[in-house]
Each structure stands twice: as structure tokens, then as C-alpha cells.
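Student: Let the sequences and hints guide you as you build the complete structure.
All residue numbers for the sequence shown refer to my numbering, where the first residue is 4 and numbers rise by one.
I should point out that these hints are in silico values taken from the structure, not numbers from a laboratory. The model shown is predicted, which means the values in this text are computed figures rather than measured ones. Please note: incorrect hints may appear among the correct ones.
The calculated DSS-like cross-link candidates involving lysine-lysine, where the alpha carbons are at most 30 Å apart (straight line), are [what the hints assert, rightly or not]:
no.	residue 1	residue 2
1	LYS430	LYS540
2	LYS252	LYS123
3	LYS446	LYS430
4	LYS230	LYS123
5	LYS345	LYS617
6	LYS345	LYS430
7	LYS430	LYS123
Computed spacing ranges between beta-carbons, pair by pair [to be verified]:
no.	residue 1	residue 2	range
8	GLY154	GLY248	18 to 26 Å
9	GLY789	ASN462	23 to 31 Å
10	GLY704	ASP582	55 to 63 Å
11	VAL383	GLU583	53 to 61 Å
Backbone N, C-alpha and C define an ideal beta-carbon position, used for all residues, glycine too.
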Amino acid sequence: MTDTTMPPRSGTGRKASNQPGKPATPRLRAVPPSPAPLSDHTPVNGQILEGSAGLKPSPSAPTSSATAKPQDSLAPAQPEIGAQTEIAKGGRREVGTLIEGASARIQHRASLIATLASLKGTEAHAGDIASFMWSNNPGDSSAESLAQALGSTGLQVKLQRRSELTSGDWPALAMMKGGQCVLVLGQDQGRLTIFDTTCQDNRTEVPLGEFTPFFTGTLVVARPSLKQMAARHTPQLESDHWFWGEFPKYRRQVGEIMLGSLVANILAVSVALFSLQVYDRVVPHQSHATLWVLALGAFLAIMLEALLKVARARLTDAAGRQIELSVQHNLMRRLIGMRSDKKPLPPSGLFAAMRDFGAVREFFTSSTISTLADIPFIAVFLLLVASIAGPIVWVIMVGGVLMLLPAYFMQRKMIALTRQTQGANAKAGRLLHEVITELDTVKTQRGEDRVMRNWDELNVLSSHSSTEQRRLASALTFWSQGIQQATYITAVVLGTLLVFAGEFTVGTIIATGILTSRTLAPLTQFAATLARWSNVKGALEGLEAIASAPQEMEAERSYLRREQLQGRFELREVVFRYDEDAAPTLDVPGVAITPGQRVAVLGVNGSGKSTLIKLLSGLYSPDAGRIMIDGTDMGQIDPRDLRRNIGYLSQDVRLFAGSLRDNLNLNQLERDDTRLMAALDFSGLGAYVRGHHKGLDLDIGDGGGGLSIGQRQSIGWARLWLQNPSIVLLDEPTAALDQTLERTLVSRLETWLQGRTAVIATHRMPILSLTNRTLILQDGRMVVDGPRDKVLAHLAAGEGK
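Tutor: Set out below in C-alpha cells:
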């Protein structure tokens with residue numbers, strides 16, 4: 004498949020469209036209305052050369068509502084050009100036409116990249132690559148942009164310049180004149196094999212001499228990484244830990260930090276040696292020259308030590324910042340990717356766990372790393388003391404053990420206090436959020452006293468735990484400092500006695516005292532670090548719950564890709580529980596829904612309607628049984644394809660702080676304001692937005708603040724219209740709308756729902772008129788299933804008795 008043109012081909016390549024039985028070129032599902040495909044011919048350097056057939060836009064590409072005029076198949080189409088380039092040149096093409104051209108180019112390139120990745124042993128989906136290209140400067144047609152998209156597959160990518168082509172260069176993407184590219188599969192005896200889905204066997208041959216005039220000399224080459232090759236051919240151990248696994252990635256920085264610590268600690272010895280030499284040699288002989296030389300050397304060592312420590316601090320901060328950003332990114336990815344029905348903590352707990360990452364960040368990006376780096380070099384100081392002062396080294400070793408023992412034995416109590424503090428803080432944060440968001444409810448229900456009582460109790464608990472933690476931490480710090488001073492005094496006393504015995508000199512005592520302080524200083528800091536570790540461990544436990552939560556997409560699995568889903572559902576012995584020890588919330592032995600069918604789900608509150616909708620949407624997974632969609636277990640299909648094909652509108656539409664445009668364009672792929680306004684018109688909010696002075700820039704507060712419940716539900720309908728799914732799942736979709744808007748929306752849905760599978764949980768008769776089949780749930784079980792009119796007549800007859 005190419006997105007450029009080639010000279011008339013010789014060889015085996017023949018047009019596949021003339022061969023019966025040849026499968027059509029795979030196309031990504033386009034969001035209607037679709038633009039017309041591009042022409043099969045593209046001009047290059049003034050010549051009309053045969054090219055590839057046009058494709059529809061990718062499923063993630065925004066589409067224009069403008070109607071494209073049919074093109075003559077022989078008329079030349081415009082070459083690839085980015086929208087930004089066209090606007091910069093002052094072109095007058097319609098925005099919709101620019102989007103159509105970008106859609107076709109991105110689709111072409113995504114298909115080429117997916118094919119090249121497959122040739123390199125890496126499975127990549129063209130739709131995912133297209134989504135990446137739409138999200139990263141879709142108007143850029145340069146080789147660098149192509150390389151960036153190819154790199155998103157996990158391959159290692161390089162741009163290479165070639166004046167002469169050899170068989171070893173392929174397969175690779177070749178950049179052609181006009182900003183176009185082709186996928187070259189191989190080279191043999193002066194002929195290139197080009198990937199082209201319009202030809203037999205998806206390839207054709209082109210003479211090298213006819214290819215070279217159009218080649219820019221730039222190749223985009225790729226190869227699998229060592230990690231990919233190892234994963235492909237060798238048994239793999241469990242993946243790295245979400246936090247500790249980040250540290251081995253920075254071995255070089257760790258090595259530099261340790262080397263800097265080694266040199267800095269060696270230089271720190273200079274002060275002790277300076278004192279030893281001055282008192283033992285300079286003072287007795289009154290050698291001024293020696294004194295100044297030793298002093299100059301000591302000052303130089305002190306300056307070098309300070310510079311090394313500054314450099315080490317910068318290295319530590321740089322590595323810590325990279326680890327922090329990587330860990331935070333992975334945590335948020337795990338949080339977003341966790342299964343909605345298997346959240347390990349309540350929302351307040353999840354929020355508190357993410358907030359407590361600050362304690363982890365401060366622990367590993369502060370002086371802690373420097374302290375840990377200095378710990379191994381305590382042995383250097385001990386050896387030096389042993390060589391200078393002999394038995395005094397045992398005094399220092401005993402002092403070090405006495406400094407650390409209390410911190411070690413207090414760890415369990417410190418961790419218990421940390422958990423108590425974090426639990427109280429989490430509940431206080433939840434209470435504060437509830438009061439802020441539901442202040443009117445608190446006032447109207449006269450709940451001020453209850454709120455104040457809970458708030459005071461939580462603060463008392465948190466304050467008591469925090470005070471106890473600080474008391475223990477202070478006690479450990481004072482203990483360490485006291486032991487350090489006591490060890491120094493003991494060393495000096497013992498050294499003085501040895502001087503009296505004629506075994507030591509005065510210089511030895513002075514040097515030993517200095518070395519004693521330098522040896523125990525890291526241990527003093529380490530004891531304080533152990534006291535802080537309790538806070539970090541408590542935070543890591545909460546974050547571990549997030550990192551280990553069941554994910555919607557398991558990393559070791561390869562899911563089936565389904566570009567289009569028709570909506571043929573089949574539930575087989577489906578059982579779902581919110582609580583493992585409770586009775587099933589939903590228990591459905593068997594139900595089948597055919598494509599295009601509109602099914603209403605009725606039942607009293609708590610009967611399982613919303614749960615059924617979420618199971619069909621893929622947000623929840625059954626505890627037992629299977630849910631089939633189009634003949635395939637839903638758990639086997641890539642969740643991204645489910646999201647693209649299944650539109651879900653909940654009864655409680657959630658909005659995010661920002662503008663109205665931001666809330667309509669959460670996937671960042673809708674760049675046409677005309678479509679956004681069309682969506683608002685469909686949902687009944689268009690007139691309000693047009694009359695507002697900010698329009699699509701209308702500010703929306705947290706949770707939809709500033710808008711009524713009905714307006715929030717209308718925005719939910721607008722989102723659904725923009726998604727344009729083939730399967731529609733609605734949970735009380737008009738409960739917050741007024742009757743006039745509901746009737747208007749129902750009349751529009753009569754047309755919009757044609758050809759779509761719809762499952763609607765509702766109590767409203769207007770929306771019920773759109774359905775042709777009705778299910779009734781009672782206590783999680785399906786008790787009635789039949790045509791709508793018969794079911795309603797049955798219910799009416801039952802009420803009349």
C-alpha cells in the first residue's frame with residue numbers, strides 16, 4: 004500500500020480490483036458522514052503516475068460534514084499536504100477538505116507503519132497508530148513525524164541517508180518527493196518490491212532506475228529492541244516492580260553518585276590527616292613551610308569535596324526527578340486502566356494514596372539518597388581509625404550499633420501510627436469533599452452537627468497520631484545525637500589514657516576525634532531516615548494497591564481487534580456480584596440480542612438495570628458466565644475497539660473542570676467546531692450555547708458546576724453523537740430532561756438509531772417508544788422478555804386486576 008505514485012509497473016503486479024474473489028483493502032470504520040476517497044492518481048514532478056486507491060479516514064480521525072464532490076478517476080488529485088502548510092500559504096481550500104486529505108494521508112501511513120512493524124515481528128494496529136498521529140501534529144508529513152509514529156510501536160527507529168540503495172536497506176519506509184512515502188519490501192537485481200494492497204499478493208515490482216528519480220535519499224528504518232526480542236524468544240520473569248523496578252534503569256547515574264561519594268569521602272579524610280600531621284610533626288619542629296603546604300592542601304580538599312557534593316546533589320535530583328515522573332506516569336496509567344468493578348480502594352482512598360506519593364517523592368529526592376550513598380564508606384573510616392588508633396575503632400562500632408537499635412525496634416509502632424494518620428486523613432479528606440460539593444444538602448438536612456462531630460473526631464485522631472510520630476522521631480534523633488557525642492567523648496578519654504601510656508600521640512587523639520564524628524554522622528542521618536521510612540512505607544502500601552489492581556488490559560495478552568461490531572449480544576449464565584460474600588446483583592441464565600434491535604430494560608430501583616448496561620458496555624466483567632458479542636467472548640476483544648464501537652450514556656453524566664469544548668472533546672480528536680455545534684444541536688443545547696457570550700469556551704466548574712442536571716445530560720448526548728457508535732447503551736438517558744426537550748430528542752433518535760443496536764434502561768414512556776423489545780428485571784433476575792407492546796399490555800392487565 005503506498006501513498007505516493009510509481010511509474011508504470013512491469014513484472015507481476017496486477018490490479019487486484021479486476022480479480023474476482025480478491026478481498027477488499029481493509030478499511031478503518033469511518034465516522035459518517037465520510038469524505039469521498041482520494042483519486043487513484045497523483046502528480047509527481049509534473050507526471051501522472053499510477054498510485055494506490057484512496058482509503059477512508061481512520062476511526063479516530065475527525066470528519067467533516069461537508070459533502071465532497073465526486074472525482075473523475077482519471078483526474079489528478081492533489082499530493083499530500085498538511086493543513087498547517089496549506090493555511091500558511093494562504094490556500095482557500097475548505098477546512099473539511101483539509102481534514103479529508105489529512106485523514107487519507109494518516110490512514111495510508113498508519114497502514115504502512117503497521118505492515119512494517121509486522122515484518123519486524125511486532126504486532127501493531129493501524130487504528131492505534133492513526134490515533135497517535137492525530138494526537139501528535141497531524142499536519143506534519145515529514146520523515147521525523149513518520150519516525151515518531153513508527154517509534155510508538157516500540158521499535159527502535161532511525162533516519163538514514165542513502166545515495167546508493169542495497170538489498171540490506173530493506174524493508175524500510177522510503178521518503179519520496181512531495182512529502183510522500185512508500186514501503187519497500189526488498190531489492191533484487193535492480194528491481195524493488197513495493198508493498199501495495201491494490202496488487203496481487205499486496206506487492207509489485209519497480210525498476211530501481213524508475214524509482215530513484217522520485218526518492219529523496221531518506222529512509223526510515225526500524226528494528227526490534229533487545230527487550231522485544233527477549234520477550235519473543237526467551238521465558239520471561241515477572242515484570243519489574245512498579246516502583247523499585249525503576250531504579251535499575253538508572254545504573255549509570257547510581258554509579259556516578261557512588262563514585263562521587265567515594266572521592267568526597269576520601270577527601271573528607273584530609274582534615275583528620277591534616278590535624279595528625281600538624282600536631283605530631285609541624286608543632287614539635289615549628290616548620291612554617293610545612294604548615295602552609297598542609298593547610299593549602301586541606302583547603303583544596305575541602306573545596307573539591309564541596310564541589311563533588313554539589314555535583315552529586317544535582318545528579319541525585321536529576322535521577323530522582325526522572326524516576327518520579329516515570330512512576331507517576333505509570334501509576335496514573337494503572338489507575339486509568341484498572342477495572343471499574345475491581346477498584347481496590349474507595350474513591351477517597353485512591354485519592355489519598357495518590358496524594359501520599361508526595362511523601363515518597365520527598366524521601367527519595369532529598370538528602371536521603373546522599374545519606375544512603377555515604378553508608379558503605381563508613382567501612383573506609385573504620386579501617387582508617389583502626390590503622391591510626393587501633394582499639395578505639397571498637398568504641399565507634401559499638402556507638403554505631405547503639406544509634407541504630409532503637410530506630411529498628413520502633414519501626415513497627417511508627418508504621419502503625421502512620422497507617423492510623425493516613426486513614427484519618429483520608430476520611431477527613433472525603434468528609435471535606437462531601438461538605439464542599441454537597442453543602443446545600445448538609446444545610447437543608449440540618450447535618451451541620453454530624454459533620455462537625457465527625458470532623459473534630461478525625462482531626463483529634465490525626466493530631467494524636469501525628470504528635471506521637473513526631474515525639475518518637477524526635478526521641479530517636481536526640482538519642483542518635485547523644486550517642487554520637489558520648490562515643491566521641493569515650494574515644495577521646497580512651498585515647499588520652501593511651502597517650503599517658505606512651506602508645507598514642509596528641510595528633511592521634513585529634514585525628515581520631517574528627518574521624519569518629521565523620522564516621523557516625525551518616526549513621527545519625529540514617530537513624531532519622533529510618534524514622535521517616537514509616538511514612539514512606541505506609542504511602543507505598545496504598546500505592547501498591549493501585550499498582551497491583553486488576554487491569555482492563557493485561558499486558559501479557561494479545562487481544563483480538565474488531566474494527567466494527569454489529570451488536571449481536573449473547574449472555575450465557577452470567578452472574579455478577581459487587582461483594583463476594585453477598586447475593587448476586589445480577590443473575591441471567593441466557594439472553595440474546597440481535598444486531599439492530601432496540602431493547603428496553605425495565606425494573607424497579609435496584610433490580611440490576613444499570614449493572615446489566617455496564618456489563619454489556621465492557622466496563623464490568625461477569626464473575627461467572629460469558630458475554631458474547633458478535634460471536635466472540637467480550638473478554639477477548641481489545642477494550643479500545645469496544646470503546647470505539649459501544650456508546651455508553653450513564654444516568655449521571657460527569658463533567659470535568661474546563662471549557663465546554665474540552666468536555667466535548669475528551670479524546671482530543673474533534674477539531675471541527677462545526678461538528679461540535681451539530682452535536683449540541685442534536686442534544687438540544689445548541690441554542691443555549693449560541694446565545695452565550697463565550698460559546699464553546701463556556702466555563703464549566705468541578706463536576707459540571709454552573710450547569711443544571713438537564714444541561715449536563717444534554718452534554719452527555721452530544722458526546723454520544725460525536726462518538727457515533729454502532730452500539731448504544733443508555734441508562735435513564737432522559738431522566739433529567741424536560742418533557743419538551745425529551746420529545747424533541749426522541750423524534751431525532753428515531754432516525755439516529757436506525758441501523759444501531761440499542762439497549763435502554765428507562766422508566767420514561769417517550770424513550771420507551773423507540774424500542775421494539777422489552778426485558779424486565781426483578782432482584783437481578785430476568786422475569787419477562789418479549790415484544791414491547793405485548794409486555795406493556797401484560798403489565799397493564801396485571802395492574803387492572
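Student: Hint by hint, note whether the structure agrees.
Tutor: Status of each hint after checking the structure:
1. LYS430 - LYS540: holds (19 Å)
2. LYS252 - LYS123: Given that 30 Å is the threshold and the Cα spacing comes to 25 Å, the pair holds.
3. LYS446 - LYS430: holds (21 Å)
4. LYS230 - LYS123: Cα-Cα ~14 Å, so holds.
5. LYS345 - LYS617: Cα-Cα ~13 Å, so holds.
6. LYS345 - LYS430: OK: LYS345 and LYS430 at ~21 Å, within 30 Å.
7. LYS430 - LYS123: Between LYS430 and LYS123 the Cα gap is close to 51 Å, so the pair fails against 30 Å, i.e. violated.
8. GLY154 - GLY248: 18 to 26 Å: This hint holds: roughly 22 Å between Cβ atoms.
9. GLY789 - ASN462: 23 to 31 Å: The hinted range 23 to 31 Å is violated for GLY789 and ASN462, with Cβ atoms some 58 Å apart.
10. GLY704 - ASP582: 55 to 63 Å: violated (34 Å)
11. VAL383 - GLU583: 53 to 61 Å: For VAL383 and GLU583 the Cβ distance comes to about 56 Å; the hint holds.
Hints 7, 9 and 10 from the earlier list are contradicted by this structure; the remaining hints agree with it.
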